[in-house]
Amino acid sequence: MFAEADSVYYYHTNILQKETHRSLYELDSKNREDIIDKVIIPYLKSEKIHFDGYFIEPESIDRIVIKKSRTSSRNFLDIENQNAFRNRTAAMLRASDIMNDDSYVQSVTPLMFKLAEKKLKEQGYTADIDSKDEPEIDKTKVFIVHGHDDFAKTQVAELMRRLGLTPIILHQQANEGRTIIEKIESYSNVGFGVVLYTPCDRGSKAGEENHLKPRARQNVVFEHGFLIGKIGRKNVAALVKDTVETPNDISGVVYITMGSEGSWELQLAKELKNSGYNIDLNDL
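Counting from 1, one number per residue, gives the positions in the sequence shown under the numbering used here.
Be aware that a few hints might be false.
[What the hints assert, rightly or not] Label pairs and their in silico Cβ distance ranges: (1) Ser186 - Lys118: 26 to 34 angstroms; (2) Lys30 - Asn189: 26 to 34 angstroms; (3) Lys205 - Lys114: 49 to 57 angstroms; (4) Glu176 - Glu122: 34 to 42 angstroms; (5) Asp78 - Asn189: 29 to 37 angstroms; (6) Val254 - Lys119: 36 to 44 angstroms; (7) Asn219 - Asp37: 37 to 45 angstroms.
[Claimed, not checked] Subject to a maximum C-alpha distance of 27 angstroms in a straight line, what follows is the list of computed BS3-like cross-link-like pairs (lysine-lysine): (8) Lys153 - Lys141; (9) Lys234 - Lys183; (10) Lys273 - Lys68; (11) Lys48 - Lys121; (12) Lys141 - Lys183; (13) Lys38 - Lys68; (14) Lys153 - Lys230; (15) Lys230 - Lys273; (16) Lys183 - Lys153; (17) Lys114 - Lys139; (18) Lys38 - Lys114.
Hints are computed from structural coordinates only; laboratory data are not their basis.
Glycine included, each C-beta is placed from N, C-alpha and C at the ideal position.
Modelling step: build the complete structure from the supplied sequences, incorporating the hints.
Structure (structure tokens):
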């Protein structure tokens with residue numbers, strides 16, 4: 001599948017910042033020591049990091065994620081675009097999307113932090129080292145994004161339970177003094193997200209107020225984009241009810257029509273199975 005020699009590993013690093021929620025990437029490094037010396041060690045020593053053209057203060061960093069692959073991000077794009085062409089589907093991918101595709105990458109974040117800590121100890125650095133490893137992804141839970149349609153939300157939650165999974169619905173989780181975005185960040189360390197596009201709002205382009213169209217709530221569209229950025233486009237499915245308008249600038253996203261006949265349940269279960277969840281379709 002991969003064009004590069006088997007002896008070569010490519011290392012990809014992602015830094016997510018707290019306040020701006022901006023993700024920065026450096027891809028295709030062939031030298032893991034460079035990442036240890038230029039990213040992890042400065043972070044552990046509370047020093048500025050020069051990364052992707054920016055100087056980053058360590059206290060502004062939410063997490064650092066490092067993954068390795070046998071293929072470069074450029075080759076990943078070539079392969080996926082060829083697959084999309086053969087399947088006659090649209091593939092609007094970025095090079096950084098390789099980090100969200102487990103068929104290409106393997107997480108090495110804990111290993112890299114341990115190597116950096118060992119190196120610091122060998123250098124005599126004695127300050128407390130607080131590693132910030134990549135959070136563990138829970139593939140027994142599914143994050144559900146919803147609007148005001150309680151019946152649709154309940155249908156999806158009950159389906160998750162039938163499949164042996166735990167539905168995570170944000171308003172049912174404890175606040176613990178956190179803002180909404182902090183709750184989303186905390187409870188979305190899951191392997192899959194389901195987004196409900198239900199007709200809870202109506203809207204139109206400016207000048208077309210007489211032709212209002214059913215739309216999902218704004219928080220639904222926002223959280224949809226957040227999940228795609230955090231866990232990957234392939235691990236998020238949107239259920240669309242009735243004739244709800246969907247974002248037209250997000251290509252390659254899975255949209256499933258939530259009709260009354262119930263075929264959406266099988267389609268969603270298959271998406272979960274393809275994402276690596278332990279699903280028995282006989283439980284439907």
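Comparing the hints with the structure gives:
For the pair Ser186 and Lys118, the supplied restraint of 26 to 34 angstroms holds, since their beta-carbon distance comes to about 30 angstroms. The hinted window of 26 to 34 angstroms between Lys30 and Asn189 holds, with their beta carbons roughly 30 angstroms apart. A beta carbon spacing of about 53 angstroms between Lys205 and Lys114 agrees with the range 49 to 57 angstroms that was offered as a hint. Between Glu176 and Glu122 the CB atoms are about 39 angstroms apart, so this pair conforms to the stated range of 34 to 42 angstroms.
Taking 29 to 37 angstroms as the suggested C-beta distance range, the pair Asp78 and Asn189 conforms, at roughly 31 angstroms. Checked against the hint of 36 to 44 angstroms, the C-beta distance between Val254 and Lys119 comes to roughly 42 angstroms, which is consistent with it. At about 41 angstroms, the CB distance of Asn219 to Asp37 agrees with the hint of 37 to 45 angstroms. Between Lys153 and Lys141 the alpha-carbon distance is near 15 angstroms, which keeps this suggested pair within the 27 angstroms criterion.
Between Lys234 and Lys183, the direct Cα distance comes to roughly 23 angstroms. Compliance with the 27 angstroms bound is thereby established for this hinted pair. About 24 angstroms separates the Cα atoms of Lys273 and Lys68, which keeps this hinted pair within 27 angstroms; it holds. About 20 angstroms separates the Cα atoms of Lys48 and Lys121, which keeps this hinted pair within 27 angstroms; it holds. For the hint pairing Lys141 with Lys183, the CA-to-CA distance comes to about 16 angstroms; that is within 27 angstroms, so the pair holds.
At roughly 17 angstroms between alpha-carbon atoms, Lys38 and Lys68 fall within 27 angstroms of each other, so this suggested pair holds. At most 27 angstroms may separate the alpha-carbon atoms for a hinted pair to count; Lys153 and Lys230 meet this at roughly 22 angstroms. The hinted pair formed by Lys230 and Lys273 meets the criterion: a straight-line CA distance of about 19 angstroms does not exceed 27 angstroms. Proximity of Lys183 to Lys153 is assessed by CA-CA distance (about 19 angstroms); at most 27 angstroms being required, the pair is judged to hold.
Taken as a hint, the Lys114 and Lys139 pair is honoured in the structure, with Cα atoms around 25 angstroms apart against an allowance of 27 angstroms. For the proposed pair Lys38 and Lys114, the alpha carbon gap of about 15 angstroms is at most 27 angstroms, so the pair holds.
Checked against the numbered hints given earlier, the structure satisfies every one of them.
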